[in-house]
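Protein chains in written order, with this note's numbering: chain A, 11 to 337; chain B, 7 to 338.
Don't read these hints as lab results, they were simulated from the structure.
We put the beta carbon where it would ideally sit given N, CA and C, even for glycine.
There's no promise every hint is true.
Footprint (simulated), chain B over chain A, 3 or more residues, beta carbon under 8 Å [unchecked claim]: (1) 116-129; (2) 135-147; (3) 256-262; (4) 293-304; (5) 309-323.
So you can see what is in the structure, the chains are spelled out below.
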Amino acid sequence: MNRFMPVLATTVVFGVGFAICSLIYPNFASPRVVMNLLTDNAFLGIVAVGMTFVIISGGIDLSVGSVIGFTTVFLALAIERAGMPPLTAFVVVLLLCALFGALMGAAIQYFELPAFIVTLAGMFLARGASFLLSTESIPITAPFYGELAEHALLLPGGFRLTVPAMIMLAVVALCAVLLHFTRFGANVYALGGSRSAAALMGIEVGRTTVLIYTLSSVLAGISGIVFSLYTSSGYSLSAVGVELDAIGAAVIGGTLLSGGHGFIFGTFIGVLIQGLIQTYISFDGMLSSWWAKIATGLLLFCFIALQQLMLLVARRRRPRASGAGAR
Amino acid sequence: MPRKAVSFVLPRLGMPQIVALIIIFAINSFLSPHFLELRVQDGRLFGSLVDVFNRGAPVALLALGMAPIIAMRGIDLSVGAVMAIAGAIAASLADSHALGFVLVCALGAGLMCGLWNGVLVALLGMQPIVATLILMVAGRGVAQLITEGRIVTFANTDLAWLGSGSLLGLPTPIVLTLAMLVLTLLVVRGSALGLLIEATGGNSRASALAGVGTRVITIAVYAWCGLCAALAGIVAAADIMGADANNAGLWLELDAILAVVIGGTSLLGGRFSLVLAVLGALIIQAMNTGILLSGFPPEMNLIVKAIVVLAVLLAQSPRLAGLGLLLRRRRP
Numbered sequence: 011m012n013r014f015m016p017v018l019a020t021t022v023v024f025g026v027g028f029a030i031c032s033l034i035y036p037n038f039a040s041p042r043v044v045m046n047l048l049t050d051n052a053f054l055g056i057v058a059v060g061m062t063f064v065i066i067s068g069g070i071d072l073s074v075g076s077v078i079g080f081t082t083v084f085l086a087l088a089i090e091r092a093g094m095p096p097l098t099a100f101v102v103v104l105l106l107c108a109l110f111g112a113l114m115g116a117a118i119q120y121f122e123l124p125a126f127i128v129t130l131a132g133m134f135l136a137r138g139a140s141f142l143l144s145t146e147s148i149p150i151t152a153p154f155y156g157e158l159a160e161h162a163l164l165l166p167g168g169f170r171l172t173v174p175a176m177i178m179l180a181v182v183a184l185c186a187v188l189l190h191f192t193r194f195g196a197n198v199y200a201l202g203g204s205r206s207a208a209a210l211m212g213i214e215v216g217r218t219t220v221l222i223y224t225l226s227s228v229l230a231g232i233s234g235i236v237f238s239l240y241t242s243s244g245y246s247l248s249a250v251g252v253e254l255d256a257i258g259a260a261v262i263g264g265t266l267l268s269g270g271h272g273f274i275f276g277t278f279i280g281v282l283i284q285g286l287i288q289t290y291i292s293f294d295g296m297l298s299s300w301w302a303k304i305a306t307g308l309l310l311f312c313f314i315a316l317q318q319l320m321l322l323v324a325r326r327r328r329p330r331a332s333g334a335g336a337r
Numbered sequence: 007m008p009r010k011a012v013s014f015v016l017p018r019l020g021m022p023q024i025v026a027l028i029i030i031f032a033i034n035s036f037l038s039p040h041f042l043e044l045r046v047q048d049g050r051l052f053g054s055l056v057d058v059f060n061r062g063a064p065v066a067l068l069a070l071g072m073a074p075i076i077a078m079r080g081i082d083l084s085v086g087a088v089m090a091i092a093g094a095i096a097a098s099l100a101d102s103h104a105l106g107f108v109l110v111c112a113l114g115a116g117l118m119c120g121l122w123n124g125v126l127v128a129l130l131g132m133q134p135i136v137a138t139l140i141l142m143v144a145g146r147g148v149a150q151l152i153t154e155g156r157i158v159t160f161a162n163t164d165l166a167w168l169g170s171g172s173l174l175g176l177p178t179p180i181v182l183t184l185a186m187l188v189l190t191l192l193v194v195r196g197s198a199l200g201l202l203i204e205a206t207g208g209n210s211r212a213s214a215l216a217g218v219g220t221r222v223i224t225i226a227v228y229a230w231c232g233l234c235a236a237l238a239g240i241v242a243a244a245d246i247m248g249a250d251a252n253n254a255g256l257w258l259e260l261d262a263i264l265a266v267v268i269g270g271t272s273l274l275g276g277r278f279s280l281v282l283a284v285l286g287a288l289i290i291q292a293m294n295t296g297i298l299l300s301g302f303p304p305e306m307n308l309i310v311k312a313i314v315v316l317a318v319l320l321a322q323s324p325r326l327a328g329l330g331l332l333l334r335r336r337r338p
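Chain B on its own, in the form it takes in the complex:
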C-alpha cells in the first residue's frame, strides 16, 4: 500500500480522547472560573492550564516510551524505578560535575536499564511482565544504594532549569515533552519502524517469518522506553531539586500504562498512537487537577481514576464493540 513518507495528521480515531479532554477542561473551568486564564509574567506563560501540561509532562514522557512497547504486546513495569535511578544519579552528580556529564550519565543509566529489559524479553524470551518486574523490584533498591538511603538535594541551577525553568515562554518540561514527541514521531512514523512495531505486536512469529527483525526492534523499543523514563526522572528530580529514591516515580508506571490505554492502544498489541498516548497522560493530569480544584478530598482521586479506567475498558471491550457495530448497522 502506498504511504506518504511523512504524515503527521491526527488519526481519525482520536476524537473520543480529544472530546474527553475538552469535557474535563470544561468541567474544570466550571469548578474554578480562572482555570482557562493565561497570563504572561517575566516572559513565561502562567495559569492552571499550563500547570496541567507541566505536571503531566513526566507521565507523558513515560507514555511516549510505553506506547510502542504495549503495541508490541509488551509492558514495562520498571519505568518508575528507572525514574528513581536516573533522578538519583542526576541529583548526586549535579553539584560536582558539568551539566552535560550529569545528563549523559543519567540518560545512559536509563538506556542500560531499558537494554537489560529488552535483552531479557527478546533474547531470553521472558514474559515482559516478569522481566520488567525484576528491575521494578531491584531498581528502587539500586536507586537507594546510589543515594545511600538519603534524600539527595542539589543547588545546580542549570539542572533545576530542566524542571522549573522556561524556554520560549513555556515551562521547560512542556518543551522537552513536545520535543520528544516530535522526535519519536519522526523516528517511528517517518520510517517504516512504526509499521514493523505494529506488525510484531499483531503477530510476532508471522512478522519474524516475514523478515522483520523482531528481536532487534524489541530491544530498541525497550531501550527507548528506558531513555524516556530516565528523562522523566531527571525532570522530576530537577523540579524538586532533589532525589527521593523511595518515592520518585512511585506507581507512575501504572499511570503511564493507563495513559497509553486511554490513548486507545490495546494491551493485546497492534496499533498505537503516540499523540493519543500523550493526550491520555494529559487527561489523567487534568482529572487530578480537577479533583483538587473541586474541593473534593484528594482521596476521591483513585476512585475517579478507577471509574475512568473501567469506562475506557468497557469502551474498548470486544463484546461491547460488537454490540455497538450492531446498533450502528441498524441506524444507517
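Bound conformation, chain A alone:
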C-alpha cells in the first residue's frame, strides 16, 4: 500500500491539475489538447522511461539529451547526405546508441566509477560528436518522414493518435512489462536496494548494469528518432538539458533517487504533469515560459518533501529497520 502512495499522489495531482485547467479554459478538455499532450511530450516520455530504469538501479544517466541530439544529426546526415533508407538509418543509429550505452555501463561496472561522472563524460562525448558531424540544422525531406508525420490513427471520439504518441505508449507499455514482470526487472530493483546484497544473492550485477545503461541509451536513440520525426530535421543543439527534465519526471512520478523504488506508470504521469504545465502556460498566453521552470521546481520540491516525509514515517514505524537512506 505504502509503495503505491507516491504514484497515487502524482496521479491525483495530475487529475486535479487537468480538472482546474479545463474549468478555467473550456476548450482544454478536448481530444485535440489531450492528444497534443501525448505527441508533444513523446520524446521526453521515452527518455524518462529509460531514466527510470537507471534511477531505480541506483544510478543516473546524464548523457541522454546529448544522445538524442546525436541521433537527430546522424539521421539527418545519413538520410539526406548519404542517401540511406530511413529504416536502415534507424537500425544503424540504434546499434550505435546500444554500443555507447554498453560502454558507459561497462566503465561504471568494471572500473568502479561513479555513474554521475561517467555519464557526464558520455554527455560531453555525444554532444561533441554531434557538433563534429554538423553544427547546422539539417532538414530531413525524405518522403518516408512526411508520410509518418501525416499518419495518425483515428480513434472514436475524435482522438488522433500520432506516430510519436504511438511509439511512446508502446515504449511505456513494453518497459512496464519489462520492469515489473521479468527477471531483469526484478534484478534492477535488487541492484537499487543494495548492490552487494544483490551480488551475494547470485544476481549477475555486471551484466545487469551494462544492460540497464544500454537500454537507457537505446531508448534515448528511439527518442531521438521521434524527435527528428517531430521536427523533421537534425540539429546538434536539440534536446539540450532533456536529461534533467527526464530525471524530474521520474522523481515527480515517485521514483526514489536513492534507488530501489519507482514505477514506469509514475514516470509517465510525471511527464504528463510537465506537459500540462507547458500547455497551461501556452493557453494562458500572458505567462512567460520561465514560470514553467519555477512551477516544475516547486512540484519537484513538493514531491521530494512528500517522499522524505513518508520515509520518515516508515522509519518511525519500524525503529530497528536497516540504516538504508541514513545518508
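On the provided structure of chain A, position chain B as indicated by the hints.
Leaving out everything else, chain B in the frame of chain A:
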C-alpha cells in the same frame, strides 16, 4: 595526531595536476609561440597566459565552493543557476544603487540559495543531487523573473571594474579568486573545519556519533558554495556589463564539478584540496584556450574535455589503482 596550526604547503598529491597544467601550457606555447609572452601596458599585465587565469576565474570560484561539498559526498548542481540569479540582481540594481548595496544584495541572494540547499540536504535529509536539482531547475526561472526575460545591461563602471578592471597590475577576477582561495584556505585549513568536513564525507554517521556537528557543517558548506557562486555570477555579469538569465553560468556546474574531480577530490567523499581544485579549473580553461589557439574547430572542445574526464577517471579508478600498486611493488 599533532598538526601545525597553519600549513600552506602544497600537498604532495598535487604533482599530476601541476605536471598536466605545465604540459598543456607547453603545448599551447608550441601551437602559438606568443602564448607565454607577458607585457605590461597601462600598469596592467597582458598576455594569453593572463587570459587563461582571467577566463578561468568564474569556474575557479565555483570550484572553491564545490570542493568541500564534494568532499562531504554532496554535489551542488545549482551553482550555474545561482550565478544567473546573482548576475541578474547585480545588473538590475547597478545603475540605481551604490556598489556596496548591489554587492550585498547579490551575495546575499547567493547565500540564501546556498542555505536553502543546505537545509534541504542537512535537515530534510534529501539527496544532494535532487535537492540542488530543484534550485537548478527553478533558479534560472527566478533569474528570468528578475530580468523580466530581457538581457539587462548597465553602465556602472564601479561594478564593471570587478569583471574587467585591474588591481595591482592583475585583472580583478584573478585577484578576487586568489583572495577567495586564501580566505577559504585560512578558514578551512587554519582550523579543524577541513578535517571535520573530510570526516563527514568519509562517514557521516560515525562523525555525528563522534560529536561532529555534521548538520551545521553541511549547511555552512552549502551556504559557502552559494556565496562563491554568487561572486562568480557577479564577476561574469560585470565582465560583459550585463546579465543574460538564459545563458549566464549555463553548464558551468559541470565544469566546476569536473575541476574539483581533476583536482583529485573523489566523488565518494573524503580528502579534498582547494588549491588543486583551482588548478583543475585552470587546466580546463587552458585546454579551452589551447583548442582555440590550435585552429581546431571549437566543436572539438567537448570531445577533448570528455577524453580528459575519462583519463582522470581511469587514473582515479580503484581497480586501476590496485593494478598500479601491484606494479610499483614489483619494481621496488
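For the segment 256-262 of chain A, does the count of residues with a C-beta closer than 8 Å to a C-beta of chain B reach 3? holds (count 3)
Please count how many residues of the segment 309-323 of chain A have a CB within 8 Å of a CB from chain B and say whether that reaches 3. holds (count 7)
- Query: Can the segment 293-304 of chain A be counted as covered by chain B under the rule of three residues or more with Cβ-Cβ separation shorter than 8 Å?
  - Reply: Holds, because 6 residues of the segment 293-304 of chain A bring their Cβ atoms closer than 8 Å to Cβ atoms of chain B.
**Prompt:** If you look at each residue in the segment 116-129 of chain A, do at least three have a Cβ nearer than 8 Å to any Cβ of chain B?
**Reply:** Check passed, 9 qualifying residues.
Q.
At least three residues with a C-beta closer than 8 Å to a C-beta of chain B: is that true for the segment 135-147 of chain A?
A. Satisfied; 7 residues make the cut.
Hint violations for this structure: none, all hints satisfied.
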